[in-house]
Amino acid sequence: MTTFVVRRLLQAVAALVLVSLLVFAFLWLLPGGAEQAMLSGAGSANQLRQLRHDYGLGNPAVLAYLSWLGQVLHGNLGYSYVENASVGSLLAASLPRTLALMVTATVIGLAVAIPAGLAQAMRRDAATDRVARALSYVGYGMPSFFLGSILILVFAVRLHWFGAEGPQSAGITGVLTDWRDMTLPVLTLAVATVAIFARYVRSAAIDSLAHDYVRTAKAVGSGNRRVMVRHVLRNSLIPVITLAGLAIPRILAGALVVESLFNIQGIGWRLWQAAQKHDFPVLLGFILVIGAGAVAGSLLADVGYMLADPRIRRRER
Amino acid sequence: MTITLKKYRWSDGETVSAKDVVFWMNMLTAVSRVSSSSINWGGYVPHEFPSNVLSATAISPYKVRLVIKGSFSRQWFTDNELSQITPIPLAWDVTERGKSDCAVRITNCIAVFKYLDAQSKSTSSWVGSKLWSVVDGAWQLTGLNSQGQLTFSYNKKYSGPVPPAHIATFKELPFTSEEAEYNVLAAGGRNPLDVGYLPTVNAPVPPPGRSVGANPVHGYRLQPLYQWGLSYFPYNFSSSNPQLAIINQVYFRHALQLLENQAAIIQGPLHGYGHVSTGPVGSFPRTSYLSPEALKGDPYPYDPVVARQLLADHGWTVNTTGVTVCHHPGTGPTDCGKGVRAGAQMKFTLYYATGETWLESAMLQLKSNAAQIGIEIDLIPKTFDGVLGVVENGPGCPAGGCPWELADWGVGWSYVPDYLPTGDELFQTGSFGNTGLYSNPVNDNLIRQTLHNSNVHLMWHWEDYLTKQLPVVYQPDAPAALVESIDSLHIGIQNPTLAINPEDWYFIR
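From first to last, the protein sequence lines are chains A and B.
According to my numbering, the first sequence is numbered sequentially starting from 1.
According to my numbering, the second sequence is numbered sequentially starting from 1001.
If we strip away everything but chain A, and leave its shape as in the complex, we get (with noise of 0.2 Å):
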């Protein structure tokens, strides 16, 4: 188990030194140099010879790559001249809303879509099932600026229940207990993760219950409940544990069409943003972040995926 481990985190590491020189690489061919691109061509004398110094432009591409790396791994992401701010700073209010979001948003889904693929499963083909996929269909391919309209024209200008708009507090808590402005954001992406996730539990549970040891443990008296949670839940849970690892870029990246309905300034709008204005320094640092993100995601997976399945650690070993 520590062997793998170790094993997995070096090649972690690895992956995001290669994210890294990825980045690095797309500041250093940027269009027009790194420094007229960064600054719009517009910068100060001030400004330039801040950028110089973070980003140790001027020297040769290896040393001024190790110079870019020293500051990142200082805290130091750059600095944005559209904004006017340290991408730290435009990180830190865009990731914490982000984050309450998707994290929200995907652990609701799959407390749905789990008991519900499995039931799926165990009554596969009746009407419930069929009904069920139907609706799987339908949030599967209902665009999310869609559904999101609609719940608002509902639930916010009809009826008045919720907020039009997703927590405008400035702290995570205020945003996390505003479950009123939480509702319907979270519910118009939790959809599609319910959608998603239930067919992959659906069709992994299926073939987990035409296995011999499922018959052998009803063969052997155990109840429904029991071969369902014990047999049928932990093996239909491994494409579940890599999707859900594969996801978590995805959370950090944010969801720049639910962000911009509910009015959100998340990760994925302000990329967005970013992208429109050429904010160079903005849209490397995060895409750095990201980054990082789906290499620890692709570390928790194999980990979990690991603990779900004896066979991988026996062969680990």
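Hints may be right or wrong, so weigh each one.
As the list claims (entries may be wrong) - Where chain B lies over chain A, by a calculated footprint (3+ residues, C-beta under 8 Å):
no. : segment
1   : 58-68
2   : 84-94
3   : 152-158
4   : 263-276
Just so you know, the hints here were simulated from the structure itself, not pulled from any lab data.
Every residue gets a Cβ at the ideal spot worked out from N, C-alpha and C, and that includes glycine.
For this one, chain A is given, so just place chain B on it according to the hints.
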């Protein structure tokens, strides 16, 4: 000229004095001298403010004497030159080393300017800043959070006139999209917006003869707000523009203007809100500056047939399924015109600002209309800042090719703080606002006459001349905003300078 100040006070208790005016004049003079491109002064026009002021002296606490170089129309000098004066507090006459004396010595002003400029970029220090908290207006910034929400509190030392029951604080809320704002406006709920903006796309078309349509938001009053300005987009007259020879031809500009279907844009994407621009003077509100010709309406109503004929009559082979090509080069009346070579193609790049739905539709419509007679327009969407950034950095074309022939940021020009629409800031050779580098000695001379004589016929003469010259493409004057104010709040008539004055707002019981 002697100016007498009203007796107002800064929030730090100091009087708004003649020295504050001289401080500003010195600063303006310094930044105009230091930068040959005048990039530090957006209202710069050669030979105008501050170049036409020999000296500015505080002769008493409330009197400033300006010695003017030359003689000017009283109306123009008051409306367009003196109107720019913005007293700044002596508390701002500082550098990082401490107190300075830009208010006395112009040579010290650049250091002060650089210090203030740097401080202005430190957004995190705005609230509670010793500099920016000194105001003579009604509001002080008391809050700015990481989401960009601004809180303003009433300046208790404000010495201007206000209604007795005016509001005490107001917040400006950021929105990620106009849809998000509309949703919040329509939903109302616990904390409804007191004032918001209705996206044009959500506005029902006003019935015939009415300027405002039904309001889709209940409990609010809808008020379209039009800017006192001119709606247009410039051609790139840079000498390094390879298409300059075509752009220089008045018949070509005439043809393109005939393809700009202002009436259809107003009725379509603008949902009936907007006014036709008739020439170089803003057409709304209707002022005495509009010539009798301009009052007749659109001089170039949509007409692709005439546009096509104009090109055909000037030596172009009009290709309705491809690109129109010059086949009669030369300078004769039926030739393509000076500098246009045989085989030259009607191909142009147009930068336009994204974010305004009506503008994107208008651009697509122009491209489609132009394609009918073989004028190929390559539309390049950019952010509002992106279009202005390119245009204001000068329309010169780099070696790799000319990036644009036309550029539309959507809102044209605001006649603020130069209220008289004489055209010197927009169309005179060398003006900062003349972003397309249009240059025409006849036009310059006609503009000059309007600066020296208040006779409105001189302005009409210039206006009618430039309407025919078409130095820009005139486009519909879209509303700056469709303002929604909650029924319980009195906000009065909205200001066409686009300033908001919440000190005049009060709740009605």
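Sort out which numbered hints this structure fails and list those numbers smallest first. 1
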